[in-house]
Amino acid sequence: MRYGGPTGTLAVSGLDLKIDRGEFVAVVGPSGCGKSTLMKLTTGLHIPQSGTVIVAGQEVTKPVSIVGMAFQNPTMLPWRTTLENILLPLEIVERHRHRLRSHKAEYVAKAVRLLETVGLKGFGDKFPWQLSGGMQQRANLCRALIHEPELLMLDEPFGALDAFTREELWCVIRDLHASQDVTIVLVTHDLRESVFLADKVVVMSARPGRVISEHVVPFARPRDLDILYQPAFNDMVQRLHGEIATARAAA
1 MRYGGPTGTL
11 AVSGLDLKID
21 RGEFVAVVGP
31 SGCGKSTLMK
41 LTTGLHIPQS
51 GTVIVAGQEV
61 TKPVSIVGMA
71 FQNPTMLPWR
81 TTLENILLPL
91 EIVERHRHRL
101 RSHKAEYVAK
111 AVRLLETVGL
121 KGFGDKFPWQ
131 LSGGMQQRAN
141 LCRALIHEPE
151 LLMLDEPFGA
161 LDAFTREELW
171 CVIRDLHASQ
181 DVTIVLVTHD
191 LRESVFLADK
201 VVVMSARPGR
211 VISEHVVPFA
221 RPRDLDILYQ
231 PAFNDMVQRL
241 HGEIATARAA
251 A
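Count the sequence shown with UniProt numbering and you get residues 1 to 251, in order.
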């Protein structure tokens, strides 16, 4: 994938990655290695100049409606309540639009259940400015899941949060993955986050990005935050850190 025409920046090249249904995969690597480009290719926001992207058995040639996305900035519409923001994808995704009109109460009930799942029971009528950053990100996760996506893409969703809120949301994502029938791809710079949450950690090279290694996370689920202080956990984090440092040096 190249930006800026034939002589522009080559973001990713020779990228080969397979993710199984229901798997939780974290993608890490040096800054600018193409992690976010990988996300955009997977969701159909970008189409590769060469090669093929397959999602749920179908080649990606346009934006994919079975994907939910959450970014570092929740970007909630300030004039809509939390509940109305969560329902927004249903107004956009064509296969849900008509059903929303005739079955709105059903979708509202689902949104309320999602809010309860992420610890925001009773906040559906609040506006974004009435929520903290962590609460907005929880609502953002609900919005990404409201249309029952088969694939959830998370692009640095906790990067702007303080350490305690970030760890709380790790547990929210852990529990959502356990309870929802969804495949998750997490793009992150936080190696502890990747090892805590993922089934597999994929390490990318410096630009142009390609996969240089894949690591199965050996720790049983469910994982509690206590694991962050165990030697085996930190050993894996250090190994990943070493690989990324080597990739940066080789750039």
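Everything labelled a hint here was simulated from the structure, so no lab data went into it.
Hints may be right or wrong, so weigh each one.
Using 27 Å as the maximum straight-line C-alpha spacing, the simulated DSSO-like pairs for lysine-lysine come out as follows [unchecked claim]:
(1) Lys18 <-> Lys126
(2) Lys104 <-> Lys121
(3) Lys110 <-> Lys121
(4) Lys126 <-> Lys104
(5) Lys18 <-> Lys62
(6) Lys200 <-> Lys18
(7) Lys40 <-> Lys62
(8) Lys126 <-> Lys110
(9) Lys40 <-> Lys18
Between Lys18 and Lys62, is the straight-line Cα distance small enough, at 27 Å or below?
With a Cα-Cα distance of about 20 Å, the restraint between Lys18 and Lys62 holds, given a limit of 27 Å.
Can the restraint linking Lys200 and Lys18 be considered satisfied, given a maximum Cα separation of 27 Å?
holds (11 Å)
Hey, Lys40 versus Lys62, does the alpha-carbon distance stay inside 27 Å?
holds (11 Å)
Would you mind confirming whether the straight-line C-alpha gap from Lys18 to Lys126 stays at or under 27 Å?
violated (40 Å)
Between the alpha carbons of Lys126 and Lys104, is the straight-line distance 27 Å or under?
Roughly 19 Å between the alpha carbons, so the hint for Lys126 and Lys104 holds.
Taking 27 Å as the top limit, are the C-alpha atoms of Lys110 and Lys121 close enough?
Roughly 12 Å separates the two Cα atoms, so the pair holds.
Given the hinted pair Lys126 and Lys110, is their Cα-Cα distance within 27 Å?
Distance ~17 Å between Lys126 and Lys110 Cα, so the pair holds.
Does the structure keep Lys40 and Lys18 at a Cα separation of 27 Å or less?
holds (16 Å)
Pair hint Lys104 and Lys121, alpha-carbon separation not exceeding 27 Å:
OK: Lys104 and Lys121 at ~19 Å, within 27 Å.
In this structure, the one hint that does not hold is number 1.
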